[in-house]
Structures are given as structure tokens and as C-alpha cells.
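> Line order of the protein sequences matches chains A and B. When we follow numbering that gives the first Met the number 0, the leftmost residue of the first sequence carries the number 0, and every step to the right adds one. When we follow numbering that gives the first Met the number 0, the leftmost residue of the second sequence carries the number 0, and every step to the right adds one.
None of these hints come from the bench; they were simulated from the model. Certain hints may be false.
[To be verified] Over the 12 Å line for every Cβ pair with chain A, so calculated as not near, a few chain B residues: (1) N12; (2) L25; (3) Y33; (4) S40; (5) A46; (6) S62; (7) E75; (8) K108; (9) D149; (10) I164; (11) P215; (12) Y224; (13) K237; (14) N268; (15) L272.
[What the hints assert, rightly or not] Computed, partial: chain B to chain A, Cβ under 10 Å: (16) F26; (17) I211; (18) I260; (19) M326.
[Said to hold, decoys possible] Listed next, the in silico BS3-like pairs over lysine-lysine satisfying Cα-Cα at most 27 Å (straight line): (20) A:K113 with A:K330; (21) A:K288 with B:K36; (22) B:K14 with A:K288; (23) B:K14 with A:K371; (24) A:K330 with B:K36.
The beta carbon of each residue, even a glycine, is placed where N, CA and C say it ideally should be.
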Amino acid sequence: MLFRLELKKILLSPMLIVFLALCLGFNLLIAIPGAYDEYASFVAGASKTAGYKLGAQFEEKIRKLEADEMRDYLAEDTAGKTDVFDGYDTAYIADAYIRRLNLSGYAAEAMRGKYAALQNAADDKAFTDESLTVYFASSTPDKHFGLHGITMRVLIAQCGILAALVMLLSLGYEHMSRTSLTVYAAKTGRNILRHKMLASISAALIAFAVLIGLTLLAYFQINDYGNIWKSSVSSIYNVIDDLLVGASRPFLTWQSYTVLTYLLAVLCIAAFLTVCFSFMAFVIGVWVKNSYVGFLLFLITNAGCLVIAIMFGARLPAYLSMLTPAWLWLKQPLWFTDGGADILWKNFEILGVCASLILLAGLCVFSAKMFKKRDII
Amino acid sequence: MRIIFHEMKKIWNWKILGIIALVCALFYVMFMSYFIKYYKSGNHPQAELIYYAEELSRLYGTSLTPEELSDYIASERQKLIAKAEGYIKTMPIFAESGIYSYADYGVLKDARGREFTQAENNAYWALYGEGCDYLGFFLETLEHMEEEFDITPMYIGWNDSFWGILNEWEQARYIQMVQNNEHHFVLSYWTHSNTNDYASYFAVMLMLAVLILVSPLLVFDRSRYIHHLQYSSKTGRKIMRKQLAATLLSAFILTTLLLLIFGGIYSINDTYLFWDANINSGLNLGNYSVFNMTYGQWVTAIIALMYVLALGFSMLAFVMARFSRNMITLIMKLIFLFTAAAYLCAAIFNYSFSMLYNTLYQILREPGAEAYVSGFVLLLGLVPAVFVTQMEKRADV
């Protein structure tokens, strides 16, 4: 009952609706428009007849398409491709990182271990010729980064900020309405934090679904994906530019993902990350009465997590900071891959989200317990 | 004045100041410290061009003729080649590829078009390395300075270059620049670029700090229903004007404080050596300004723009705060205001007054576009702020 009432307070708040509308407007005006690519659109259209697997059959079907510049370019772009994971050795990546960053001890060992494990993933992909899928052909890096590096990052940031605002609004509601002295004088009143937290998280997830749903709907209206959904996200065309290695390397995921399942996996982690931001705002909101100061402290905490990596360089505190929600957000384009030189562990995004959830949940429980005993005057 | 002073005391509370200090410190570490740490070290040939620009400033003042530069380069080149000979004779890496003198190294350098063997590659890059005191970069920089210093007049009438995209006014300005010998001043591209980037990030941080400081005032009062008491008297009805004045003064003081602190930090880079050097220096790699101005005048101009923007955005925040029922609603509005401020700062302070590189100028094609847009922001804040303060006098509470 209390949960429903708290949820109603939040969902009926004009602030939430206006903020969602403004975010959606921002996404439609700024984040999305640059996403359209004529060649990529042609590839998606061609995939409806030619399929998504590269090879002789695909090339033949492409040749049968109506002759024009795009068709000729696609034919040239996809001709004679071989599996990039055949004989691919991941050890050179670890060697490059260890040499360039002067890693030693645990860090060097963990880095070697990570890329030794990644070798298994490469071998599995070589066995199934997974890289021989068209994705968006040579437009793939821009298209993939456009969705996962720009659009999704903007969306997750908006959802994170919204989650924090909703939590702080809920926690500060009694104080703003001058009902705190009445509500918190009773035992039930003191327990209301639990209902507020659950209601805020629910509202944040509803807002997450609405914002991401509407934005991606608009995105996929502009960008037709055709049969590309079934393409592997580790296609031969999808590469990571790695300055430390000195060359581009394949977008090698730990498991096999199609474009669709990769997007769904990213959305799943993003939802949990939103919950992490909610928990963080709860802890801050319980200790700091002033919502304005609370929100600023929320931003400072996340910025502080980013700064730890800058200050500690290639040392353990920096590697641990990569598991915080702020860094997970920043590393979003590399989720489900090795993560690059600043990640020591496999599946860092799952590890980070779980660790953050557990730690923050513990802090939430502690804060709520302390609140029950606190003087309210 | 007393009321303005007390309103300012409400704005400048220690919690908010502490938060601003933290925010600025974090922002500095994340975005600005790079431009102090790596200005003279770490990047090549940036370090070398800055070194030579400073040396030329010390020896010749702010400007010199192409003949003076040629003499300097000839003498410096001799010294560097003598040093290079020393390294080539003593380091085995050169002998391994058949290089026994600088002349032999020159032959290898001239053959850069073909594929080198591993030994040749090692020898070629060795002269650019720390082991040879980055001599390769020093020599290359001298070559580059000789080519670039007097290249400015060559672009006149060369339609295949950027000259082809300049309009009539810009071409006339360019010709005037050459006639005034503005390109014979000494200012390295890296100095201008470093200051530009540092200033751009500083501007964004400044807007954030100003918005954090001035925004809560009205919402705090309204959340405690103090405005009911204030509006019950004639003096109280004018309080919003005084709060606006307090907001503007606070924005001004904060801007000045942050300029002193972060400007003081930036002075470590010694760029004041180029204060009187014309920004259209041949060593500034084509970063031509629409105005005949020195580096010092350019810095002063962008500081003035920062003041104007800080005051404009503080007034916009003031107006938004008037229409915010609580802090969360205010924060929601500030997020979008700050996003707009950040985008605008990126457009205004990206090589301000540059003929070729500033986004605003490229769109508006009006000399001083940055100043016009900043002035527009000031007006955009001032008009509704004044209107709101006038309306409050008659508002029902």
C-alpha cells in the first residue's frame, strides 16, 4: 500500500514527465540525427535478399541485385573475405599492454590470464566462422559506435541522472512538504524509507523503459537493420582502434552475440546500472537532507571514481575503480569484450555491476538502519 | 546595499563553496591538468617548437625578419649536427645499418619513401629518441620553422588552398595581414592551441561553478515561505531586484576568483613570453585571426567573453529558479541549462576569432561573432530577469 502511494507520488510528479520529454527531445534532435548512413541502409536492404553470411552464395546474390554504384561497392567490399579469427593469437595484445604500461606482478599476470582466456573465445569463433557475417560491411565501425558508443551512452547517462533525481525527490518529499516531523515520529514512518527506495527504483526502471524504448524506436525507424539483426557483432568489419597495440583489432566478445542479442544484453546491464545509480542516490539522500547538495555530491562521487583511475595509473586502485558505475558507463562501448588495457578481469561489466550492487545495497541497508535511530530535528 | 550584502551571504554559504571547490578540483584533474603537465614535455615535436619559440622571443623579441630566422636556424642546425655526429660515432645502433656520420644519416632520411630494413628503421628512429636527446625532432622542427615562417604570402591567390573558400572581406583582411607583416611575429601553434584548449575547459567549468553557486537562492527562500514575509512590506517587494544584483555580483566575484586561481596555475607554462606577439604568426600554422591582435589581446578578449557568459547564464539560472517549486525541479532545469552552456562554450572558445577554425564564425561569417553571441546570451538573461523582478512587485502571494 505504502509502496503504491510512494510510486504514485513519483509517477504523477510533473518533474518526471517534463524531464523525460526534454531528454527525448534532446535525443531526437541531437544524439540521433547523425546516425543515418546511406551505404549502411543499402547493406541492410541487401541483407533481406542476400542474407547476412558472407561467402560465395552471398556474393552471387549481391551480383543479382539491381546494378548501381552502391551494389558495386558492396560487392567489392564483401568479396573474398576470410575468417579473421582463424589462427588469431590474442597474446600479442597482453604483451603490448604489459610492455607499454610497464605492468608487473599481479597486474601483468592477470592481464596475461585474461588474454589467454580470450584466446578460447577466439578459437570458438574461428570454429564457427563467426566473423564471416556482413553486419554493415565497411560502415560497421561507425554504425556500431553510433548506437553503442554515442546513443546508448547518452541514454544510460540520462537514466542514471533521472534515477538519482527521482530517488532524491522521493527522499526529500517529506522535508519539502513539511510532513517529516509527523511521518518520522512513528515507527512505520521511519520504515517508509524502504517503500520510498523500492518505489524510486521502480519509477526509475519505468522511466528507463520509456526513454530507451521511445529513443530506440525512433533510432530504428531512421536506421533500417533488415537481416542485420542476425549478424554477429564480432563480424570481420567490426574493429576496435587500439593505440597501445598500434593497430585495429577485432571486436572479440567472450560469448557469441548477434546484433540483436548484444543490444538486449547491453540493455540488461544498463538496467542494473540504473539501479546502482539509484542505490548511490539513496545512500547520499539519507545522509544529506538538502536535495541540491545531495545531487551535487552524487555527481562528485561519480567524478571521484573517474579521477581515481587518472591519479593511480596502472595500479590496483585504478583497476578496481573500473568496476564502479561511472567507469562502467564510460566503458559501455566495450561491454562483453576484453575491455582494453585498463581492465584486468573477464566479463568486467557483469563483475562491476554485481560488485557495485552488493556494496551499494549494503550501504543502503546500513544507511536505513542509521536513519531509524537518527534525530529528526 | 545592506540587503544585497546579506543576500550575498546567503549565496556564499560554506557547503556550496566546499562543493564548488571539489567540483573544480575534480574537473581540473580530469580535463585541464593535461595542458599544464604536457605543455613542454611529453609530446614531440610540440616541445621542440615551444622551445625554439621561447628562445627566439628571448633573443629577438616578439618579431624577427626571415633573414634573422635563417641565420638563427643555420647556427642552431650546425650545433645540432655536431651533437648528432657525436651520438652517431658512439652508438652502435647507427653502425649496424652502415651509418657512420650525419651525412650517411641524411642519405637514409632522404630514402624514406622505400621500406627500411629493421636495422635502418632502428637507426632512423634512434636519433628521435631520448637516448639522442630527441635531436631528430629538433632538426625537423628547424626545417619546419624555415618552411612555415614566411609561407603566409604564398597562399594569396592560390585557389586550391583555403584561399579559395575565403570571401572578399576575408581575402582583403588576409592581404592586410601580410602587408602588416603580422606573420613575422613569434608565437608557436602549440602555445596558442594549449591556451585555447585550457580556456575552453575552464569556461565550461566556470559556467558549472556559477550555476551551482547562484541557483539555490530563490528556491531556498521560497521553500521556507520567506517570500510571504518579504512581500508584506514595500521594501520587501523590491527584494528580487536586490537578489538579482546579489546574483550578478556573486557571478562576477566567482569568475574573478576562478580566473585568478586557474590563471595562476596556467602561468606555470610561461606563455606570458608571447603576450605581445601577434596571433597571426607564421609559426601558428595557419590559425589566422579575423583581427590584428596579439596573443595578450586575444587572452584578454576571451576573458571578457567569459565574464559576459557567466553573467548571462547566472541571470538565466535566476529566472529558472524563480519558477522552480523545489530543488529537484531546479536541478532538472539546470542540467539542460548547463548542457546548453557547455555546447555554447565549445563553439565560442574553439579558437575564438579564428578565420578558419571557429565554428561560430564559420556559420555566421561575421568578425567578432563570438562576442555577438555572448552579448546575445547576456541579453537573453537580462531581459527576463528584469521582467521577472518587475512582475514580482505586483504578484499575489
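> With reference to the structure, classify each hint as holding or not holding.
Verification of the supplied hints:
1. N12: Nearest chain A Cβ is 10 Å from N12 of chain B, so the label is violated.
2. L25: The claim breaks: L25 of chain B does not keep its Cβ more than 12 Å from every Cβ of chain A (closest is about 4 Å).
3. Y33: violated (10 Å)
4. S40: holds (17 Å)
5. A46: holds (20 Å)
6. S62: holds (39 Å)
7. E75: Nearest chain A Cβ is 33 Å from E75 of chain B, so the label holds.
8. K108: holds (23 Å)
9. D149: About 35 Å separates D149 of chain B from the closest Cβ of chain A, which puts it past 12 Å; holds.
10. I164: I164 of chain B is indeed farther than 12 Å from all Cβ atoms of chain A, at 23 Å.
11. P215: Check fails; 5 Å does not lie beyond 12 Å.
12. Y224: violated (9 Å)
13. K237: holds (26 Å)
14. N268: holds (20 Å)
15. L272: Since the minimum Cβ distance to chain A is about 29 Å, L272 of chain B lies beyond 12 Å and the statement holds.
16. F26: holds (8 Å)
17. I211: Holds. Min distance 7 Å.
18. I260: violated (18 Å)
19. M326: holds (4 Å)
20. A:K113 with A:K330: holds (17 Å)
21. A:K288 with B:K36: violated (39 Å)
22. B:K14 with A:K288: holds (13 Å)
23. B:K14 with A:K371: Judged against 27 Å, a Cα distance of about 25 Å means the pair holds.
24. A:K330 with B:K36: The hint holds at about 25 Å.
Of the numbered hints given earlier, the model fails hints 1, 2, 3, 11, 12, 18 and 21; all others are met.
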